[in-house]
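Quick note, the sequences are listed as chains U and A, same order.
Note that the working numbering gives residue 126 to position 101 of the first sequence, counting from 1, and the numbers run on in steps of one.
Note that the working numbering gives residue 160 to position 159 of the second sequence, counting from 1, and the numbers run on in steps of one.
Please note that the accuracy of each hint is not assured.
Label-pair ranges, simulated between beta-carbon atoms [unchecked claim]: (1) A:Arg127 with U:Asp123: 48 to 54 Å; (2) A:Asp91 with U:Pro122: 24 to 30 Å; (3) A:Glu180 with U:Tyr46: 20 to 26 Å; (4) A:Phe154 with U:Tyr64: 26 to 32 Å.
Where chain U lies over chain A, by a calculated footprint (3+ residues, C-beta under 8 Å) [claimed, not checked]: (5) 26-34; (6) 39-52; (7) 63-71; (8) 74-80; (9) 189-198.
To be clear, the hints were calculated from the coordinates, so they are not data collected in a lab.
Using N, Cα and C, we set each Cβ at its ideal position, and we do this for glycine too.
Here is what each chain is made of, one letter per residue.
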Amino acid sequence: MSEPASTAPGVDQAQVSHPYYRIFGILTVLTIAEILWVYVVPHSRAMLAGGLGIMAAAKAALVALYYMHLKYESKLLWVVALFPLTLVVVMIAGFLPDALAPY
Amino acid sequence: MDTLAATLPVRKPKFFTNGKLAMWLFLGSDAMGFMGLIGAYIVLRITSPNWEDPKFDPPFGINLTAFMTFLLIVSSVTMVTALHKIGHGDRKGLLFWLGMTILGGLGFLCLQAYEWTHFLHGIHERAVEYTAETGKIAPFTNYQATFFSLTGFHGLHVSIGVVYMSCIWIRAWQGAYTEKSHSPVELVGLYWHFVDLVWIVLFTIIYLLPDSVVN
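Next comes chain U alone, as it looks inside the complex:
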């Protein structure tokens, strides 16, 4: 027998259903915006990479916060989710000096 579900206990599921479709709309709009940003909007290289990075991070955060319910979870699960991100930043930062050095 499965454990009882623990998605936001004490919360009416009907309340949380509506934001999911709004989030879906925002994700779709952001995906279209990313494509337009690359192929339509004129900009510098830094703006292109920065804009794409911000939009991708926003989409990933929306999925994690709302679809994976991280917004409603305990701090421990936040730590579990954010720890790998911290490690990858350290790893890339460690590689970059060699990567950017002239060869």
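Starting from the known structure of chain U, fit chain A onto it as the hints suggest.
Quick look at chain A alone, frame taken from chain U:
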């Protein structure tokens, strides 16, 4: 008042199930695997003087993969709807929406197989020309190696997700889940949203970021 904020639950859970903690720990470790590959991709791309333009290679570039991205986003909504349905004790709703999610995953895999097939065909044709001109075996480029590593590792996760969801669908069909007891549906949802989240990152760095940005 912000209507979006007004519809969100405000009560924080005081506990989580063992299954949910285990799934999050797994996703955390899995994320580190992806991050290792993505980190290697970023470093290789920055250091490589010649990187193929993703607009032309792989052959279907942005149109196909934008649709694949949309397909995964839709499948995330159907997954969360499935969880919502069983949260209300609607078993038929769970079966329908989870079935839609499985179809979305299968559709993604079919499109990825289509893309890979054509990409590999193009690589083979160029390799034959290279060998005819130089007499040497054409090497795999860093772009090709990282493309297949990243999309292949993600595709493996999608495949496992489809099998995982199919198992949950069968259990749901057998009546294993109720309004009060449906933790496995929630856990497979976490896994599937993670797969969607990773693709969002891959879509941006592999397909959208033009070569001119980093070189």
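Now the hints, each set against the structure:
Between arginine 127 of chain A and aspartate 123 of chain U the beta carbons are some 30 Å apart, a value that contradicts the proposed interval 48 to 54 Å. Between aspartate 91 of chain A and proline 122 of chain U the beta carbon distance is about 56 Å. The supplied range of 24 to 30 Å is therefore violated. At about 22 Å, the beta-carbon gap between glutamate 180 of chain A and tyrosine 46 of chain U stays in the expected band of 20 to 26 Å. Between phenylalanine 154 of chain A and tyrosine 64 of chain U the beta carbons are some 27 Å apart, a value that agrees with the proposed interval 26 to 32 Å.
Chain U is given as covering the region 26-34 of chain A, and this holds because 6 residues of the stretch bring a CB closer than 8 Å to a CB of that chain, at least three being needed. Counting residues of the region 39-52 of chain A whose CB falls under 8 Å from any CB of chain U gives 6; the rule of at least 3 is met. Coverage of a stretch by a chain is defined here by at least three residues with a beta carbon nearer than 8 Å to that chain's beta carbons; for the region 63-71 of chain A and chain U the count is 4, and the condition holds. For the region 74-80 of chain A, the stated coverage by chain U holds: 5 residues have a C-beta nearer than 8 Å to a C-beta of that chain, and at least 3 were required.
Counting residues of the region 189-198 of chain A whose CB falls under 8 Å from any CB of chain U gives 6; the rule of at least 3 is met.
Hint compliance for this structure: hints 1 and 2 are not met, and every other hint is.
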